[in-house]
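Enquirer: Chain by chain, the residues:
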Amino acid sequence: MVKLRYEIEGGNFDLAGTASSQVKKVLKQLNISQLLIKKIVVALYESEVNVVAHAYKGHIEVEIHPERVDMKITDEGPGIPDVESAMKAGFSTASQKVREMGFGAGMGLPNIKKNTDYLKIETVVGKGTTLTMTKKLDYAT
Amino acid sequence: MTPIVPKEEQKMKVSELVEKAGLVVFAGETAVANEVTGGYVSDLLSDVMANAREGDIWITLQSHMNTIAVASLKDLAAVLLVNGIVPSAEVIARANDEGIVVLGTGEAAFSITGKIYPLI
Numbered sequence: 001m002v003k004l005r006y007e008i009e010g011g012n013f014d015l016a017g018t019a020s021s022q023v024k025k026v027l028k029q030l031n032i033s034q035l036l037i038k039k040i041v042v043a044l045y046e047s048e049v050n051v052v053a054h055a056y057k058g059h060i061e062v063e064i065h066p067e068r069v070d071m072k073i074t075d076e077g078p079g080i081p082d083v084e085s086a087m088k089a090g091f092s093t094a095s096q097k098v099r100e101m102g103f104g105a106g107m108g109l110p111n112i113k114k115n116t117d118y119l120k121i122e123t124v125v126g127k128g129t130t131l132t133m134t135k136k137l138d139y140a141t
Numbered sequence: 001m002t003p004i005v006p007k008e009e010q011k012m013k014v015s016e017l018v019e020k021a022g023l024v025v026f027a028g029e030t031a032v033a034n035e036v037t038g039g040y041v042s043d044l045l046s047d048v049m050a051n052a053r054e055g056d057i058w059i060t061l062q063s064h065m066n067t068i069a070v071a072s073l074k075d076l077a078a079v080l081l082v083n084g085i086v087p088s089a090e091v092i093a094r095a096n097d098e099g100i101v102v103l104g105t106g107e108a109a110f111s112i113t114g115k116i117y118p119l120i
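Top to bottom, those sequences are chains A and B.
The first sequence begins at 1 in the numbering used here and counts up by one.
The second sequence begins at 1 in the numbering used here and counts up by one.
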């Protein structure tokens, strides 16, 4: 099993995507299929951007097993008051500045759900959010 | 009868697109031999993450650091900035570091897409 951990700085858009990029490199080195890497990278990048756009700080933990990749994104931030709405495509609480950069289209969580096999959102308003997600390394798909 | 052109000869390189569509190369000159297999036009990063495909040329007005991050994560062939947008020195430096081709045109997305579409 390969374990990775990367810190995410809230508000620093210049660095958004750095952790996802590092994970992508490792997945490539491990010869995981291109299609699965693409899906994992979309889910991770969206999670990373969510932390940058909404939280103060956070970190990504990735465990690469032979049959699956487990990912956990933990942040200290405002939490999600309405998870059900946040899961809907097009719903966003992003600021105007963030939207002007091309984020905040309300596609983040739906993209994450679409590209993973398991997604759990634990959130406490005023404290933070933890996303737990899994991608099966099922080469039949 | 339409002549059968071998697939190898049909491949369109970024450098050929630059020449044929009169584009400016801002960054990533080392990667202009990248093959362009399609295109995607969008200014929403999540949309590009969700729907662009490897080898696409991404036509957009977003010229910040995350444009480069998205292009790199999605293995895009190039980014094409429209409306005469010029990326910052920092963005150019990042693109060069990551080997991402950043192109520019004075035209709007609609017209440059129309020009590029039949070339790919």
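Honestly, the hints are just simulated from the structure, not real lab data.
Keep in mind that the hints are not guaranteed to be accurate.
As the list claims (entries may be wrong) - In the DSS-like style, the derived pairs of lysine-lysine whose C-alpha atoms are separated by at most 27 Å in a straight line are:
| no. | chain 1 | residue 1 | chain 2 | residue 2 |
| --- | --- | --- | --- | --- |
| 1 | A | Lys88 | A | Lys38 |
| 2 | A | Lys97 | A | Lys136 |
| 3 | A | Lys38 | A | Lys113 |
| 4 | A | Lys113 | A | Lys136 |
| 5 | A | Lys57 | A | Lys38 |
| 6 | A | Lys25 | B | Lys13 |
| 7 | A | Lys72 | B | Lys11 |
| 8 | A | Lys39 | A | Lys57 |
| 9 | A | Lys88 | A | Lys3 |
| 10 | A | Lys38 | B | Lys20 |
| 11 | A | Lys114 | A | Lys57 |
| 12 | B | Lys11 | A | Lys28 |
| 13 | B | Lys20 | A | Lys28 |
| 14 | A | Lys127 | A | Lys38 |
| 15 | A | Lys120 | A | Lys28 |
What the hints assert, rightly or not - Which residues of chain B face chain A? A few of them, derived with a C-beta cut under 10 Å, are:
| no. | residue |
| --- | --- |
| 16 | Gly38 |
| 17 | Val41 |
| 18 | Leu45 |
| 19 | Asp47 |
| 20 | Met49 |
| 21 | Thr60 |
| 22 | Leu73 |
As the list claims (entries may be wrong) - Computed spacing ranges between beta-carbons, pair by pair:
| no. | chain 1 | residue 1 | chain 2 | residue 2 | range |
| --- | --- | --- | --- | --- | --- |
| 23 | A | Gln22 | B | Ala93 | 18 to 28 Å |
| 24 | A | Leu35 | B | Pro118 | 28 to 38 Å |
| 25 | A | Leu35 | B | Gly99 | 31 to 41 Å |
| 26 | B | Glu16 | A | Pro66 | 40 to 50 Å |
| 27 | B | Ala108 | A | Val125 | 18 to 28 Å |
| 28 | A | His65 | B | Ala108 | 23 to 33 Å |
| 29 | B | Glu19 | A | Arg5 | 42 to 52 Å |
| 30 | A | Gln29 | B | Asn83 | 31 to 41 Å |
| 31 | A | Asp138 | B | Pro118 | 38 to 48 Å |
| 32 | A | Leu15 | B | Gly99 | 14 to 24 Å |
| 33 | B | Gly38 | A | Asp138 | 21 to 31 Å |
| 34 | B | Pro118 | A | Lys3 | 47 to 57 Å |
| 35 | A | Lys127 | B | Thr30 | 41 to 51 Å |
Glycine is no exception: its CB is placed at the ideal position from the N, C-alpha and C atoms.
Enquirer: Now tell me if each hint is right for this structure.
Expert: Status of the hints after comparison with the structure:
1. For the hint linking lysine 88 of chain A to lysine 38 of chain A, the alpha-carbon distance of about 22 Å falls within 27 Å, and the restraint holds.
2. A hinted pair counts as satisfied when its Cα atoms are at most 27 Å apart, and lysine 97 of chain A with lysine 136 of chain A does not qualify at roughly 36 Å.
3. Restraint check for lysine 38 of chain A and lysine 113 of chain A: the C-alpha separation of about 14 Å stays at or below 27 Å, so the hint holds.
4. With a C-alpha separation of about 13 Å, the suggested pair lysine 113 of chain A and lysine 136 of chain A falls inside the 27 Å cut-off, and the hint holds.
5. With a CA separation close to 25 Å, the supplied pair lysine 57 of chain A and lysine 38 of chain A stays within the 27 Å bound.
6. Distance check on the hinted pair: lysine 25 of chain A and lysine 13 of chain B sit about 25 Å apart at the alpha-carbon level, within 27 Å; holds.
7. For the hint linking lysine 72 of chain A to lysine 11 of chain B, the alpha-carbon distance of about 40 Å lies beyond 27 Å, and the restraint is violated.
8. At most 27 Å may separate the alpha-carbon atoms for a hinted pair to count; lysine 39 of chain A and lysine 57 of chain A meet this at roughly 24 Å.
9. In summary, the hint linking lysine 88 of chain A to lysine 3 of chain A is not supported, as the alpha carbons are separated by about 31 Å, beyond the 27 Å threshold.
10. About 31 Å separates the Cα atoms of lysine 38 of chain A and lysine 20 of chain B, which puts this hinted pair outside 27 Å; it is violated.
11. For the suggested pair lysine 114 of chain A and lysine 57 of chain A, the alpha carbons sit about 25 Å apart, so the restraint of at most 27 Å is met.
12. Straight-line distance between C-alpha atoms of lysine 11 of chain B and lysine 28 of chain A comes to about 25 Å, which keeps the hinted pair within the 27 Å bound.
13. The hinted pair formed by lysine 20 of chain B and lysine 28 of chain A fails the criterion: a straight-line CA distance of about 34 Å is larger than 27 Å.
14. Note on lysine 127 of chain A and lysine 38 of chain A: the hinted pairing is violated, with a Cα-Cα distance of about 31 Å set against a maximum of 27 Å.
15. The hinted pair formed by lysine 120 of chain A and lysine 28 of chain A meets the criterion: a straight-line CA distance of about 26 Å does not exceed 27 Å.
16. For the restraint placing glycine 38 of chain B at the interface with chain A, the shortest Cβ-Cβ distance is roughly 15 Å, beyond the 10 Å limit, so the hint is violated.
17. Evaluation of the valine 41 of chain B hint against chain A yields a violated restraint, the C-beta minimum of about 13 Å exceeding 10 Å.
18. For leucine 45 of chain B, the shortest C-beta to C-beta distance to chain A is roughly 4 Å, which falls under 10 Å, so the interface hint holds.
19. The beta carbon of aspartate 47 of chain B is positioned within 10 Å of a beta carbon in chain A (closest approach about 6 Å), and the interface hint is therefore held.
20. The interface hint given for methionine 49 of chain B is met, as the beta carbon of that residue sits about 5 Å from the closest beta carbon of chain A, less than 10 Å.
21. A cut of 10 Å between beta carbons decides the hint on threonine 60 of chain B: the least distance to chain A is about 8 Å, and the hint holds.
22. With a least beta-carbon distance of about 5 Å to chain A, the hint placing leucine 73 of chain B at the interface is held under the 10 Å criterion.
23. Take glutamine 22 of chain A and alanine 93 of chain B: their Cβ atoms lie about 19 Å apart, and the range 18 to 28 Å holds.
24. Against the hinted window of 28 to 38 Å, the Cβ-Cβ separation of leucine 35 of chain A and proline 118 of chain B comes to about 29 Å, which satisfies the hint.
25. The hinted window of 31 to 41 Å between leucine 35 of chain A and glycine 99 of chain B is violated, with their beta carbons roughly 22 Å apart.
26. Taken as a hint, the range 40 to 50 Å holds for the pair glutamate 16 of chain B and proline 66 of chain A, whose Cβ atoms sit roughly 43 Å apart.
27. As the Cβ distance of alanine 108 of chain B to valine 125 of chain A is approximately 43 Å, the hint placing it in 18 to 28 Å is violated.
28. Here the CB-CB span from histidine 65 of chain A to alanine 108 of chain B is close to 48 Å, at odds with the stated 23 to 33 Å.
29. Taking 42 to 52 Å as the suggested C-beta distance range, the pair glutamate 19 of chain B and arginine 5 of chain A conforms, at roughly 45 Å.
30. Taking the beta carbon of each, glutamine 29 of chain A and asparagine 83 of chain B are about 39 Å apart, inside 31 to 41 Å as hinted.
31. Between aspartate 138 of chain A and proline 118 of chain B the CB atoms are about 39 Å apart, so this pair conforms to the stated range of 38 to 48 Å.
32. Checked against the hint of 14 to 24 Å, the C-beta distance between leucine 15 of chain A and glycine 99 of chain B comes to roughly 19 Å, which is consistent with it.
33. Range check, glycine 38 of chain B to aspartate 138 of chain A: Cβ separation about 27 Å, and the 21 to 31 Å hint holds.
34. About 49 Å separates the C-beta atoms of proline 118 of chain B and lysine 3 of chain A, a value consistent with the hinted range of 47 to 57 Å.
35. One distance hint, 41 to 51 Å for the beta-carbon pair lysine 127 of chain A and threonine 30 of chain B, holds here, with the actual separation near 46 Å.
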